[in-house]
Each structure stands twice: as C-alpha cells, then as structure tokens.
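A.B. asks: Residue numbers (numbering that gives the first Met the number 0), protein chains in the order written: chain A, 0 to 118; chain B, 0 to 167.
Derived by calculation from the structure, the hints in this document are not laboratory data. Don't take every hint at face value.
Within a straight-line C-alpha distance of at most 25 Å, the following computed DSS-like cross-link-like pairs (lysine-lysine) qualify [claimed, not checked]: (1) 34(A) to 71(A); (2) 99(A) to 75(A); (3) 71(B) to 50(B); (4) 34(A) to 50(B); (5) 71(A) to 94(B); (6) 117(B) to 14(A); (7) 14(A) to 50(B); (8) 43(B) to 94(B); (9) 59(A) to 34(A); (10) 34(A) to 71(B); (11) 75(A) to 59(A); (12) 71(B) to 117(B); (13) 81(A) to 14(A); (14) 117(B) to 139(B); (15) 98(B) to 50(B); (16) 71(A) to 81(A); (17) 126(B) to 52(B); (18) 34(A) to 52(B); (19) 37(B) to 94(B); (20) 94(B) to 14(A); (21) 98(B) to 117(B); (22) 126(B) to 59(A); (23) 52(B) to 94(B); (24) 34(A) to 14(A); (25) 126(B) to 139(B); (26) 98(B) to 37(B); (27) 81(A) to 59(A); (28) 37(B) to 117(B); (29) 52(B) to 91(A); (30) 34(A) to 37(B); (31) 71(B) to 14(A).
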Amino acid sequence: MPSTQLPNYLRSNRKCLGLSQDEVAFLLGAQSGAKVSRYERFVREPSLATALAYEAIFQKPASELFGGLYQKMEQKVVARAKALTYRTDYQKPTRENTQKLQALTDIAASQSKKALNLS
Amino acid sequence: MSQIHPKYLRILAIAPSTRGFGFAVLEEEETLVDWGVKSVEGDKNTRCLAKLKEIIAHYGPDVMVLQDPSRKGSRCSARIRTLTRRMIALGSSHKVSVKLFSRDEVRQTYFTGGAGTKHALAEILAKRFPAELGFRLPPKRRPWMSEDYRMAIFDAVALALAGQRSIE
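Bound-form chain B, shown alone:
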C-alpha cells in the first residue's frame, strides 16, 4: 500500500561554493520542494557536512546529485574536492544513491552544443521556475565583480534537473 506514488522520486542536488553550498530538492519535473544556500564559517567542510546531514534526514532523498570534481576540466579547489568526496561518502552511508555530473554534461542538458554562460543558464532556470527563482536571479556579473552567492542555488537546480533527466 505504501508504494502507490512511484512518481514522487526526490532528488537532492548540492553545489558546493566558497561560502558553503547551494542546494535544491526536486520532486517530479516541475516541483521544486526546497532550495537555498547554506552558509558556514570556521571549519567549512565539517559544518557543510553537518548541514547536509540535516537536509538528508529532513527530506529523505532517493538520489543525490553532485558535480564531479575529478573530471577533466574541473576547476574546483582542493577543499571542494575533499568536501565532495566526503559528501558522496555521507550520501552512501545514508543509503542515498549518488550521481555525479561533469560541468559539460550539465551544460549539454540546456544548450545545443553545450556552450553557454553561467548567467544564461541561470536565466533559463529562472524562466522555468519563475515563482521560485525569478526574484533570486542575480544581476549579470561584470568582470570586476565576484560571483553572487545566489548562483549556487542555480547551479544546484541545474544539477537536479540534469539528474532527473538522466533517470528518465
């Protein structure tokens, strides 16, 4: 009786960033259940893992999607590579299936030819989820500006949708 709604497959996507991580929880293709940025200070990796543990316990995702830092062309820092490895281990220990996508694989989901800017991808997602992400779209980054912290949300949502498409 408990297996009557097989479509409620829950996907948790994590996009680590300099201040913590962005996350998105997707249920069915058009339902964004939760999204946001978790900011941490001090021992960033340990605190990020503690926050991720809370999210996993709260939402009980079936699949966790992350960006693969070991693929060729990845420009992740050493700290984020370590954090990703620890996140994968944490997901596996909670019996969550983990899927990794390279940056190029995510781009190919949205752009023909796989070429497009991060801001263009964020705009696509803001149009797809106008109520949820529309007002969170940061202004286009100028060369002298550092990246807006909200971009981590869009990275996570892009990963979640890529993960969902690969499952379908």
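This is chain A alone, in the form it adopts within the complex:
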C-alpha cells in the first residue's frame, strides 16, 4: 500500500529549528501561531508569499517543504501537458509546433524520471 507525500513538512522543519508556532508566526508576519497550526494540520494552504517566507525561514525549496502539494500539482500539469501534446499533434508541423511538442514531452517525461529514481 504505497503512500503519497504529506501535503507539507512544515512541522518537522520547525521542530528541527526548535522554534515554537508563535515564533514562526512572528517570522511570517502573522498575528498568532494559530495560522501556523492550521498550515501544519493541513487545514489551510498558505499563500505564495507565505510559502516563500517559509522557504526563507527553513532554507529549503518550497517544492520540498510542500512536497505533497507539489506532487499533486505536478501530476495535474503532466496530465494537462499530455492533453496539449495530443492537441498539438493534429496541428501543422511547423518549427514552432515542433519546439512546443518537445517542451510538452519533457514536462510529461519529468515525472516518469522522478518515479524511476525513487523506486
């Protein structure tokens, strides 16, 4: 029964630094630790500004801090890239379309490469 990643790893990173939720809230510019608690309990998703602030606090890329969320979005983008590839295949084979197809194929292949590296 394989699991997917957790939506975020904010709690473990905060605990590693020995910071309290109130202290992280102060660093984020939030009023209290309640908001931090909601992020850590996966009740609320942070805004882009907050995600970048977290990246600055924990010195780790947002895609790593929000692993599950990133994974979910990546899957959606790959599915859309495949659909767009299918649509582009029916268009005239111009130089622009060939370049586009290559970019879309790379997006679709990036996830398969990651899956191979993990297993």
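Since the structure of chain A is already known, use the hints to place chain B on it.
C.D. replies: For chain B alone, kept in the frame of chain A given last:
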C-alpha cells in the same frame, strides 16, 4: 498515476509511558516527519487512544509499530498492556498494518549481541538524527532519578527504525 512514489511508506511508532505515549513518524529511512510526547491526565488509556486516533487521521500511516507486551521478559504494567491491546485494535480498525517488536528485537537492531543501555541507544539515535533529536537527549539517568519523559521519543524512534528494517 497516484502510485508513483512507492518509497513514501509511512511508519508510526508508539511507545506508551507513564505520562502518555511517545510517538515517531518515519518516512523513508532518513526522514523523521514528526516526533514527540503526548501527555494525558485522568483516564489515561481513553485519552491516549483519542490522541492516537488524531495522529492516525493526520498522517495516515501504512504501518504502526508497537512494543509487544506479551513477550517473555516484558516488564510493562497492566495498564500499558491493556492500552497496547486497544491501540492494536484501533490500528486494525483504521486499516493500518500493525507490527509488534519485543524489547530484545529492538536492541538487536542497534547493538551487536543485543546488549546495551537505554541511554546508549538514545545516544545512537541522537547522532543519527542530530537536528531532530540532538537537543532532546536527556542527561544520563542516575540511580536516584526517575526516567526523563523525553525517553519515550527515543523508544518510539528506535521502534520505528526497527520496523522499517524489518520491512526492507
């Protein structure tokens, strides 16, 4: 599409103690996702189970690891034996596979010959996870001192790693 990351097997280890229980959530060998002690008062077993239910709902573990209190040599109290049985039932009801390890089996994972003190085991774990557990390592217990509550975290992490090795 949802089964592309088979390595994110999540293990939840529980180490019941006098004040509640220590817990550790492990994902891959080197990633400690969460750890800590849940303290309860009053009806300890019922409250411990309520807290465990919250943890299971939050992390959705694939495997739950506990110390087997029914093995020969176990010195668990009657309350902790009952609590462990109820925790196993709770895990099964949430479709979490439950693994039990005796104290000796856990020690054999870390010490050649299986002999070593609890503090030595905690030191090994603190070295393995310096950022996570380094500053939580309690001072060595003297004969007149009672056990530090933080030792439950180290017991849980030791169980989690033993559980993970048995799966590999």
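A.B. asks: Looking at the structure, which of the earlier hints fail to hold?
C.D. replies: 3, 10, 13, 17, 20, 27, 29, 31
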